[in-house]
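Residue numbers (the working numbering), protein chains in the order written: chain D, 1 to 479; chain G, 480 to 923.
Worth flagging that the hints you see were computed from the coordinates, not collected in a lab. As the structure is a prediction and not an experimental result, all values here were calculated from the model. Just so you know, not all the hints are guaranteed correct.
Between beta-carbon pairs, the in silico distance windows are [stated by the list, open to error]:
hint, chain 1, residue 1, chain 2, residue 2, range
1, D, 26, G, 770, 38 to 46 Å
2, G, 635, D, 172, 53 to 61 Å
3, D, 457, G, 651, 35 to 43 Å
4, D, 143, G, 780, 33 to 41 Å
5, D, 473, G, 485, 56 to 64 Å
6, G, 652, D, 386, 37 to 45 Å
7, G, 635, D, 242, 48 to 56 Å
8, G, 651, D, 379, 18 to 26 Å
9, G, 635, D, 436, 23 to 31 Å
10, G, 635, D, 89, 40 to 48 Å
The beta-carbon is built from N, C-alpha and C at its ideal position, and this holds for glycine as well.
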Amino acid sequence: MADIFDVLIIGGGPGGYVAAIRAAQLGLKTAVVEREHMGGICLNWGCIPTKALLRSAEIYHQMERAKDYGLTADKIGVDIAAVVKRSRGVSTQLTMGVGGLMKKNKITVIWGEAEITKPGEVKVSAMKKKPMEPQARPPRGTLGEGTYQAKNIIIATGARPRTLPGIEPDGDKIWTYFEALVPKDMPKSLLVMGSGAIGIEFASFYHALGADVTVIELMPNIMPVEDEEISKIARKQLEKRGMKIITEAKVAKVEKTATGVVAHVETKDGKVEKLSAEKLISAVGVQGNIENLGLEKLGVKTERGCVVIDSYGNTNIPGILAIGDVAGPPMLAHKAEHEGVICVEKIAGLSPHPMDKNQIPGCTYCHPQVASVGLTEAKAKEAGYKIKVGRFPFIGNGKAIALGEPDGLVKTIFDEKTGQLLGAHMVGAEVTELIQGFVIAMNLETTEEDLMHTVFPHPTLSEMMHESVLDAYGRVINF
Amino acid sequence: MPINITMPALSPTMEEGNLAKWHVKEGDSVSAGDVICEIETDKATMEVESIDEGVVGKILVAEGTEGVKVNSIIAVLLEEGESASDIDASVSSAPAAAAAPVVDTAPEPEKTTEPTAAPVAAALTPAQSGERLFASPLARRIAAQEGVALSSITGTGPHGRIHKRDVEEALAAGTASNGAEAPIAAAKTSGGTTAMATGMSDAQVLALYDEADYEKFPHDGMRRVIAERLTESTQTIPSYLITMDCELDALMKLRAEINAAAPIVDDKPTYKVSVNDFIVKAMAMALQKVPMANASWTSTDRILHKHSDVGVAVAVPDGLFTPIVRKAELKSLTQISAEVKDMAGRAKNKKLAPAEYQGGTTAVSNLGMFGVKEFTSIINPPHASILSVGAGKPQPVVRDGALAIGIMMAVTFAFDHRVIDGALGAQLAASFKGFIEKPLSMLV
Numbered sequence: 001m002a003d004i005f006d007v008l009i010i011g012g013g014p015g016g017y018v019a020a021i022r023a024a025q026l027g028l029k030t031a032v033v034e035r036e037h038m039g040g041i042c043l044n045w046g047c048i049p050t051k052a053l054l055r056s057a058e059i060y061h062q063m064e065r066a067k068d069y070g071l072t073a074d075k076i077g078v079d080i081a082a083v084v085k086r087s088r089g090v091s092t093q094l095t096m097g098v099g100g101l102m103k104k105n106k107i108t109v110i111w112g113e114a115e116i117t118k119p120g121e122v123k124v125s126a127m128k129k130k131p132m133e134p135q136a137r138p139p140r141g142t143l144g145e146g147t148y149q150a151k152n153i154i155i156a157t158g159a160r161p162r163t164l165p166g167i168e169p170d171g172d173k174i175w176t177y178f179e180a181l182v183p184k185d186m187p188k189s190l191l192v193m194g195s196g197a198i199g200i201e202f203a204s205f206y207h208a209l210g211a212d213v214t215v216i217e218l219m220p221n222i223m224p225v226e227d228e229e230i231s232k233i234a235r236k237q238l239e240k241r242g243m244k245i246i247t248e249a250k251v252a253k254v255e256k257t258a259t260g261v262v263a264h265v266e267t268k269d270g271k272v273e274k275l276s277a278e279k280l281i282s283a284v285g286v287q288g289n290i291e292n293l294g295l296e297k298l299g300v301k302t303e304r305g306c307v308v309i310d311s312y313g314n315t316n317i318p319g320i321l322a323i324g325d326v327a328g329p330p331m332l333a334h335k336a337e338h339e340g341v342i343c344v345e346k347i348a349g350l351s352p353h354p355m356d357k358n359q360i361p362g363c364t365y366c367h368p369q370v371a372s373v374g375l376t377e378a379k380a381k382e383a384g385y386k387i388k389v390g391r392f393p394f395i396g397n398g399k400a401i402a403l404g405e406p407d408g409l410v411k412t413i414f415d416e417k418t419g420q421l422l423g424a425h426m427v428g429a430e431v432t433e434l435i436q437g438f439v440i441a442m443n444l445e446t447t448e449e450d451l452m453h454t455v456f457p458h459p460t461l462s463e464m465m466h467e468s469v470l471d472a473y474g475r476v477i478n479f
Numbered sequence: 480m481p482i483n484i485t486m487p488a489l490s491p492t493m494e495e496g497n498l499a500k501w502h503v504k505e506g507d508s509v510s511a512g513d514v515i516c517e518i519e520t521d522k523a524t525m526e527v528e529s530i531d532e533g534v535v536g537k538i539l540v541a542e543g544t545e546g547v548k549v550n551s552i553i554a555v556l557l558e559e560g561e562s563a564s565d566i567d568a569s570v571s572s573a574p575a576a577a578a579a580p581v582v583d584t585a586p587e588p589e590k591t592t593e594p595t596a597a598p599v600a601a602a603l604t605p606a607q608s609g610e611r612l613f614a615s616p617l618a619r620r621i622a623a624q625e626g627v628a629l630s631s632i633t634g635t636g637p638h639g640r641i642h643k644r645d646v647e648e649a650l651a652a653g654t655a656s657n658g659a660e661a662p663i664a665a666a667k668t669s670g671g672t673t674a675m676a677t678g679m680s681d682a683q684v685l686a687l688y689d690e691a692d693y694e695k696f697p698h699d700g701m702r703r704v705i706a707e708r709l710t711e712s713t714q715t716i717p718s719y720l721i722t723m724d725c726e727l728d729a730l731m732k733l734r735a736e737i738n739a740a741a742p743i744v745d746d747k748p749t750y751k752v753s754v755n756d757f758i759v760k761a762m763a764m765a766l767q768k769v770p771m772a773n774a775s776w777t778s779t780d781r782i783l784h785k786h787s788d789v790g791v792a793v794a795v796p797d798g799l800f801t802p803i804v805r806k807a808e809l810k811s812l813t814q815i816s817a818e819v820k821d822m823a824g825r826a827k828n829k830k831l832a833p834a835e836y837q838g839g840t841t842a843v844s845n846l847g848m849f850g851v852k853e854f855t856s857i858i859n860p861p862h863a864s865i866l867s868v869g870a871g872k873p874q875p876v877v878r879d880g881a882l883a884i885g886i887m888m889a890v891t892f893a894f895d896h897r898v899i900d901g902a903l904g905a906q907l908a909a910s911f912k913g914f915i916e917k918p919l920s921m922l923v
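Only chain D is shown next, with the shape it has when bound in the complex:
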């Protein structure tokens, strides 16, 4: 191969493909190596298809309560095959779209598995493992096996489900998110191990469609990274709908039976409870894909299963960079995209700003939704801030009442001294669409004063954001 790429990116997920487009915009000769699916886990087995499933669940839930709105909806039901088919369709549409974007930006796509043989050189061979089905087809016009030269190699290989020894997923009774996304039948009962975003979203989906769901979490609160108060409200609402949640509990052992699984759950008082269900979803986190890339041979530094990088994606080896999940937490698509852009701009000689990891928002699409940015109340106190906390409940908001969504809370945390918005935390309907207002506010370094001076449209859920800020300073109006 005579051509030398300026940038070669290993992995076509949200980090990799966004970095590739930015590189192409900057006039760099760019290639992406992908082994399974353009768009990565995000578009194929993560963010997007789960949102499609959860939308089905949400509409089903609304149909169940049609009467509350004066409507009649008889004989409602779930066709799980059709729900899954729709989810796959959404995924395929977006995956093909990414292929189109590569073509539009004149980015070379190389199909296969990559290994960095030495700085500046990547060997691409055919994929050994059989990809998870169903799969969108690869884009047309890709290159294949061979050796490729590149001045800069960006590792954007993402992450995969972490597994616990003894509770390895088998694709039949013990699921990861892969199997959970494409169920052949609706399980009647389900155990979910882990209550992070992935676990709680699947729990919420299956529960809404009628499964008997039990969530088992090791930590004292579900969604342990979220603010405790928000987490407790979410838990109460999930439990009110009938979901079972056991915290400070550990799955010690899982036995497989003819009809499903029996989990031995150790609770905090030392008792062991045997819970049986048709399926068990293992959602105990993800781990970086650092294997088979030749990193060890090259001496690329890794730590806790992730590549170690500086603020611009550089590893300890010049010419080898990393972004996204493989480069460490928080393992979120939007963090990967942003890192990709920073990394490529730095390569192109621009002077991008390093990312402030305190300002990366997080969204969980269970019902009720949870969204947050910045420090939790506990973390802010831990960091030594004297804080002012504002709270505004959904019950005080006209739009929330009109929507029939009176449960939830918007919470804001300010540094008393400077008025800096340290964190914002929300639970309730549509909060995942609201949080960005606070993210912009934080990024522009507004103080409470600017937020108070901002006009929020009426009637919207966003008014709760205003009220929460006002509440932090004893000026709340509608509650």
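Starting from the known structure of chain D, arrange chain G on it as the hints suggest.
Just chain G, lined up with the frame of chain D:
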């Protein structure tokens, strides 16, 4: 409807002033153009004329009140047919802020030694540059709280926007300079990250002396401005000095000839040019000859002034003014002489308008009349130079290898090194010396 008389702004930057004196009392009739009161600002006392006619219905701010905010109501004028009963409605319909000075009539002497309440606003204002500074609200607030000027901080955000991290880094590195308001810096005591040394607290100073052994004089506006401007100057301007001896023999001879030629009117000559007038002219000409030295520093640009606007330091009782001779390079010695005489006289009575002492491109301070041999002055920003002039005295000099007596005068230039490097400063000094020693050259 009664007419509200509000506190006027005597200059574009004026935010508050002192109500020095009322020329009218309640019940007096006034016509448009009548002087109704005197307002004192940091440097000047101005008479305020009535714009309307009527009867003074109520005086809301007592004589001697300090810190009256611009645009607050100071008195109410009644029009024909109106009585005092119309006033309440009028005043209460005014903006709430206007009511403030009414309450605060008699100034408490103890209070004046405390920092006044205004400091935060000052730090928010871009300092000298006049250009808008882009900074995040949080960065502005932290800068105000820490008492540092945003203009001294380099922004790293989009388009140079100043962010919190820039302020924090400047504080940590000690590169941030004090805001215009000294009280903030004085109030700040937490060590470590403080950008500037803050000096002793008031309590620490007073503790050193027995109360019976001193008297307290509250600072007036001028004293505060002097303290703030010169503190700012020494803390923000990297300055250096150049001293030079100038021989005055030719100048003294020319001066005598010029003054002897003055027409006599009423037994008095119509002008008498001073040595200082020559110095002002020479400085103005030197700045034209070395235009790069006629400069001002801003954070983004070097400002090169087209004209030589020379400030002349004038001592007044317990203070000083620097009225400015504008375009001094274009003015004759007699014009300069007359202007300085007029402005110095009015400065002593605090009757200068702000426009007469604000701005300028350089300044001259002359302490020769006190017999001072040589001295240095502190640059008055945004000037980039100041000239200190000592006494001219007969001294032994060597001329053509032989000892002789010449009238010698030592002058010292202080320069802002940010815009005037050493060689440039020396060029200006040499040019100045040339004009002084060959005085005819500045007249042609």
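Status of the hints after comparison with the structure:
1. 26(D) - 770(G): 38 to 46 Å: holds (43 Å)
2. 635(G) - 172(D): 53 to 61 Å: Because 55 Å falls inside the window, the suggested range holds.
3. 457(D) - 651(G): 35 to 43 Å: holds (41 Å)
4. 143(D) - 780(G): 33 to 41 Å: Roughly 53 Å apart at Cβ, these two residues miss the hinted range, so it is violated.
5. 473(D) - 485(G): 56 to 64 Å: At roughly 32 Å between Cβ atoms, residue 485(G) and residue 473(D) fall outside 56 to 64 Å, so the hint is violated.
6. 652(G) - 386(D): 37 to 45 Å: violated (26 Å)
7. 635(G) - 242(D): 48 to 56 Å: holds (52 Å)
8. 651(G) - 379(D): 18 to 26 Å: Holds: the Cβ-Cβ distance is about 23 Å, inside 18 to 26 Å.
9. 635(G) - 436(D): 23 to 31 Å: holds (24 Å)
10. 635(G) - 89(D): 40 to 48 Å: 46 Å Cβ-Cβ, so the 40 to 48 Å window holds.
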